[in-house]
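*Asks:* Here's the letter readout for the chains.
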Amino acid sequence: MTATMMDSDTAPPRETAPGQSELSETIFRGLCFGAATLLLAALAGVVISLAIGGWPAFKQFGFGFFTSSAWDPVQENYGAAGPIVGTIVTSVLALIIALPLATGVSVFLVEFCPRNIAKPIAVAVELLAGIPSIVYGMWGLFVLAPWFAIHVQLPLMTDSANLPSWLSALVAGIPNGANIFTASLILAIMILPYMSAVFRELLLTIPAQVREAAYGLGSTNFEVVSKVMIPYVRRGAVGVVMLGLGRALGETMAVTFIIGNSHGFPHSLFDSGSTIASTIANEFAEATSDMHTAALIALGLVLFILTFAVLAVARLLLASEKH
Amino acid sequence: MDRALRRKITNSVFIGLCGAATLVALAFLVMILWSLVAKGFGGLDAKIFTMTQPAPGSPGGLLNGILGSIMMCVLGMVLAVIVGILAGTWLAEYGGKTAYGQVVRFLNDVLLSAPSILVGLFVYEILVKPFHGFSGYAGGVALGLLAVPIVTRTTEDMLTLQPNTLREAGMALGAGRGFVIRSIIWKAAGAGLFTGGLLGFARISGETAPLLFTSLGNQFVNLKMSQPMGSLPTTIFQFALSAYDDWQRLAWVGALLIAVAVLAVNIVGRLVARETHRP
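Order-wise, the sequence lines are chains S and X.
Numbered according to this note's numbering, the first sequence terminates at residue 323, and the numbering increases by one at each position without gaps.
Numbered according to this note's numbering, the second sequence terminates at residue 279, and the numbering increases by one at each position without gaps.
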C-alpha cells in the first residue's frame, strides 16, 4: 500500500482523473475571474460613458449647470437645478412617508404577529416590491391622481381662504393630482417593501437573550422595541434608510407618469415638477440637438453620483451590522 | 399606578400602529392588483396575442410588444446567467476573500439598486450611438446588465451554503477544483441557481426605462434583433400616456399581463427556493 502511494507520488499518473487537466482548471478559473472583472468594467463603463457624454454640457455651462433652473432646448440653455431639486425633494418626502410604515410593518411581523401568518404577510409585502415600476405609474396616473385631485386638492382649494397663508402656499397648484406630492406618495409605496424586508432581517438578527433580558426587567413591548431592539441595530437601520433613499432617487417610470413633468423649480408641494430620471426618460429619445443630449447625459452623471454615494453608505452600514 | 397605566396605553397604541402600518402596506397591494384586474381583465382576448398594436380606433393587440419583450428578455437572461453564475462562482469559490473580491462584491451590491435608466444611457453610448441605430440587441444587453447583479448575488449565496465536506469529498477522489465546482457544487446548488435566474428575470421583464432609448420600440412584429424592437413596457408607456381610450385600455391589459407574469415568476422562485435543501 505504502509502496504504491510512493510510486504515484514520484511517477506521473498513468491515467488523468476527470477534471485533473491543468489547462481546463486554469481556463475555468480565468473565466470566473473574467466574469467578476466584467462586473467592475460595467460599472466603470457607466461612469466613464456618462462623464464623456455629459462633458460638453459641463464645459459649456460650468457650475451654473447646477444652479440655474433654465431648461430651454430652443435657446440651448440648460440648467439642472429644477430636476435636481425635484429628485431630492420627492425622495426625501417618500422616505418620510415610508420610514414609519416600514418600521411598523417589520416590527409587527417580528414582534407581534403570530408566526404562522407572519410569513405569508411578509411574502405579500415583498410581492409589492416585485410589481414593475410602470404598473405603479399607471396606477398613480389613473387611480391615485384623480382621487387625490377630487378628495384632497379641490377641498383644499375651495377652503383656501380659511387656511393659514403658509399652508395654502404649500398646497397651491393645478388640481389634477399630478404633482410632487403624489409622486412622493407613489415612491413611498415602492420603497416600503424593500425597506421593511431589510429592516425585518436586521431585527431577526438580534439575539433572543437581548430581547428576553429587556422583557425580564419588566419592559413593555414598546420599550423593548424602541429602547433595546432599534438601538441594537441602529447602524443597520440607518443603512435601511439610505437604501430606501437610493431606490427613490433613481426611480424612473412611476415618477414620469405622475410628477407632471414641468421643468424649473417646484413652487409648492402640489406643484408639478420633474426629477432627473423623469427628464431623461421623457426627452432623451427625442433630444433635439447634441447639446440637449449632452445636458441629459450630464444629468445622468449627477444622478449616478447621488445614488452611488447614498447606496455605498447604505451597503457599508448594513455590512458593518453583520459582524 | 398612573405611570403603569400610561406605559400600558402607550404600548397598546404602539402595537395598534404597527398593525395598522402592515394593513396599509397590504391594502396598497390589494388596491393595485384590483385596479389591474378591474381595468385590464375585460380587454383580455385572443386578439391581444394575435394582432399587433393598432392605430387609435381600430382593433388590435400587443403581439409586437409581447414578442419583442420575450426575445430581449431571453437575450438578457442568457448574458446575465453566463456572466452572473461565473462571477458568483468566483466570489464564492476563488477570490471572494481577497481585497479585489470584496471590491467586486461591494460594487455588485451597489449595482443591485442602481437606477435602471442609467444602464440605458450607458448602453445607448456603447451600442446605439456607435452603430447609428436602436436595436433589439442593445435592449437585450441593457436588460442583461440589470439582471447580472441579482444572478451574481444569488449564485454566491447559494454556493456558500454548500458544505465544505462536499468539496473535500470531490477533491479526495482526485478531481480538480474547477471540476468539483462544475459537477458537484453547481449541481448541489442547482435549485438555488435557478431561483437566482428567476429573480433576475422577474426584475427585468417589467423594466421600461432602459429600453426607451436602446430598443426604442416598434409598432410592427420584428424578429430581427438588429432592428428597433417593440416591447410590452414601452408600448404600455406610449399607450397609457396617449389621449385615446382604446389605447389606454390596451395599456391596462399589457400592465395586467406583465404584473401577472412577474408575480408568477416571483412566487415560483420562492417555492423553488423553499424546496431547496438548505444544509
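Honestly, I wouldn't trust all of these hints.
Said to hold, decoys possible - Pulled from the structure, derived: some chain S residues nowhere near chain X, Cβ distances all over 12 Å:
no., residue
1, 29
2, 168
3, 206
4, 265
5, 282
6, 286
7, 291
As the list claims (entries may be wrong) - Derived lysine to aspartate or glutamate pairs resembling EDC-like cross-links, with alpha carbons at most 20 Å apart:
no., chain 1, residue 1, chain 2, residue 2
8, X, 8, S, 111
9, X, 97, S, 286
10, X, 8, S, 212
11, S, 119, X, 275
12, X, 8, S, 25
13, X, 129, S, 286
14, X, 187, S, 286
What the hints assert, rightly or not - Over the 10 Å line for every Cβ pair with chain X, so calculated as not near, a few chain S residues:
no., residue
15, 74
16, 103
17, 165
18, 204
19, 221
20, 304
None of these hints come from the bench; they were simulated from the model.
For glycine and all other residues, C-beta sits at the position ideal for the given N, C-alpha and C.
*Asks:* Take the hints in turn and mark each one as holding or not.
*Replies:* Hints, verified against the model:
| no. | hint | result |
| --- | --- | --- |
| 1 | 29 | 6 Å, violated |
| 2 | 168 | 28 Å, holds |
| 3 | 206 | 16 Å, holds |
| 4 | 265 | 22 Å, holds |
| 5 | 282 | 9 Å, violated |
| 6 | 286 | 9 Å, violated |
| 7 | 291 | 15 Å, holds |
| 8 | 8(X) x 111(S) | 16 Å, holds |
| 9 | 97(X) x 286(S) | 46 Å, violated |
| 10 | 8(X) x 212(S) | 18 Å, holds |
| 11 | 119(S) x 275(X) | 16 Å, holds |
| 12 | 8(X) x 25(S) | 65 Å, violated |
| 13 | 129(X) x 286(S) | 14 Å, holds |
| 14 | 187(X) x 286(S) | 48 Å, violated |
| 15 | 74 | 22 Å, holds |
| 16 | 103 | 7 Å, violated |
| 17 | 165 | 32 Å, holds |
| 18 | 204 | 16 Å, holds |
| 19 | 221 | 5 Å, violated |
| 20 | 304 | 5 Å, violated |
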